[in-house]
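K.L.:
Those protein sequences? They're chains E and A, same order as listed. Residue numbering for the first sequence is 1 to 308, as defined by our numbering. Residue numbering for the second sequence is 1 to 237, as defined by our numbering.
A portion of the hints provided could be inaccurate.
Unchecked claim - To spell it out: a stretch of chain E is covered by chain A in this simulated footprint if at least three of its residues, at any positions, have a beta carbon under 8 Å from a beta carbon of chain A; those stretches are: (1) 77 to 86; (2) 93 to 107; (3) 257 to 266.
Hint data in this document are derived by calculation from the structure and do not stem from the laboratory. By construction, the Cβ of each residue, glycine as well, lies at the ideal position given by its N, Cα and C atoms.
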Amino acid sequence: MTDSTPVIRVDRVSRWFGSVVAVSEMTFEVRPGITGLLGPNGAGKTTLLRMMTGLAATSTGTVTVFGEPVRDNPPLYRRLGVMSEHETVYGFMKGREFVTMMGQLRGVERLEEAVDRAIERVDLTDAQHRPMGTYSRGMRQRMRLAATLVHDPEILVLDEPLNGADPRQRVHFQHLLRQLAEEGRTIVLSSHILEEVEQLAETVLLVVNGKLAASGGFRAIRAALDQRPYHVRVVCDAPRRLAALAVGIGSVEAVNLDPDGGLVILSRRVLDLQLELPRLAQSAGISLRRVEPLDDSLESVFGYLVEG
Amino acid sequence: MGSVYRLTLRQLAGRWRLAIMTLLAALPVLTAALILRSTEAPSVAEFETVALSALLAGSIVPLVVLAIAAAAFSNEVEDRTLANLTLAPLPRWQIAVPKLMAVLTIAVPFAAVSAFLTGHVAFLADPKATVAVTVAAVAAVALYGSAFTWLGLMTTQAIGVGLLYVVLWEGFFSGFVSGVRLLSIRHYALALMHGLDPRRFAGTDHLSLPAAVVVSAVVFGGFLWLSIRRLRRMDVP
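Using the sequences plus the hints, can you model the full thing?
P.N.:
Right, here's the structure in full:
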């Protein structure tokens with residue numbers, strides 16, 4: 001995927017509202033596959049997505065999609081499917097009517113077939129003839145996704161798409177997104193649910209305070225943060241002895257004893273630790289019961305960045 | 001364009017909105033009937049001042065149109081569904097024009113029927129005067145419709161701003177500052193009425209008919225163009 005041609009290019013894009021800088025000097029490229037946009041509320045994710053879809057102007061910089069400027073370029077919108085974070089729907093419309101209208105607006109040929117296909121994809125065939133005002137939040141989101149898919153877009157931009165979905169719907173949604181990505185589509189999704197981004201996205205864009213704090217694969221981002229120590233928790237049968245030995249490892253910065261008898265080792269080069277620790281334990285006759293990284297989740301990476 | 005038009009019709013044709021509009025549209029007809037039943041028959045000038053200028057052109061038509069046109073875009077801006085339209089691969093005029101057409105589809109029948117009946121009752125079935133009043137009302141709907149549809153794109157407070165324009169600018173300032181009339185939709189519409197039946201509505205200082213037609217066309221087209229331009233440039237929520 002990483003060798004493919006960039007589909008979306010964001011080049012030194014900034015956006016400010018009065019004196020508030022919402023997005024500052026962001027540059028990145030998006031390629032086919034799933035890209036997750038992650039950041040805390042107010043980080044500038046939605047503003048960035050709106051600029052990437054042409055809904056909002058940039059203050060400076062350019063956004064191009066398939067090499068063309070995305071702003072004020074209606075013909076290009078045929079290739080884009082956008083689902084905003086706002087869940088408002090036309091309550092007076094039935095689900096099928098809504099998807100049909102969106103298909104008509106996007107000039108879909110063989111409309112009825114396309115509508116059937118889109119609604120089937122989100123598993124709402126049974127509810128398609130009900131007014132959308134009667135839908136649950138999760139159902140509204142799925143029908144909105146059907147409307148986003150009806151014209152078979154090459155790019156999907158989804159702002160917090162899993163909002164309001166129950167666990168079963170989440171699983172279905174994740175499966176669907178993976179399927180869409182496998183078909184060669186470019187999907188950009190934002191989410192504040194870190195686990196979901198971690199599970200879904202091949203590439204992560206971390207946005208903090210309107211700036212691109214990091215981008216790339218999740219582990220690549222973590223590796224780029226080597227200036228911060230990894231926390232590794234070790235459970236063994238002789239924690240004090242192991243602590244004394246572990247401080248001798250060059251990459252270890254500190255060793256703390258847990259009240260529950262475990263050790264927490266801070267290391268800048270976790271690979272060294274992975275190699276050295278078992279060797280030390282074996283030579284000292286210490287039995288290691290568990291070795292687990294405490295901060296190898298996206299949430300902890302994100303936390304570091306926010307703190308930084 | 002058909003999809004945008006049908007969607008807008010459904011959005012605007014709420015039961016309450018239509019009921020209020022019916023009530024408003026009936027007011028000038030009732031007023032005309034009451035004036036005629038009074039012991040002293042009014043002069044054309046008196047009738048024009050009360051029923052046509054103040055009531056029909058001065059409040060009913062602009063208020064009816066404001067209630068519809070301001071909502072054509074501003075409701076979608078407020079509930080953030082406008083992106084459904086602006087992200088469609090349509091030239092912006094194919095969004096603005098059907099929106100305006102839907103506004104006119106709803107507002108014109110109310111204003112036209114109200115104006116026709118008012119003119120018919122007041123001028124005892126004088127067809128020329130009745131046609132002049134009706135055409136002027138329809139023209140006013142088109143002009144206010146174009147202006148207030150644009151206003152709905154510019155601000156979510158379109159109803160308030162529109163009311164200020166109708167009440168303060170057209171109703172108050174234009175009464176004693178003659179230059180204000182040059183920027184008043186109400187006076188363009190009245191000028192059309194005067195021009196179409198100069199015999200009945202003689203002796204006033206309105207624009208000539210050709211001037212009124214040209215100004216009306218410029219205002220209608222101008223606000224429509226501004227709406228299209230706004231759709232191209234605005235940040236869509």
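K.L.:
Against this structure, judge whether each hint is valid.
P.N.:
Tested hints:
1. Check result for the region 77 to 86 of chain E against chain A: holds, 6 residues qualifying (beta carbon to beta carbon below 8 Å, three or more required).
2. Counting residues of the region 93 to 107 of chain E whose CB falls under 8 Å from any CB of chain A gives 7; the rule of at least 3 is met.
3. Residues of the region 257 to 266 of chain E lying with their CB closer than 8 Å to a CB of chain A number 0, which falls below the three-residue condition for coverage.
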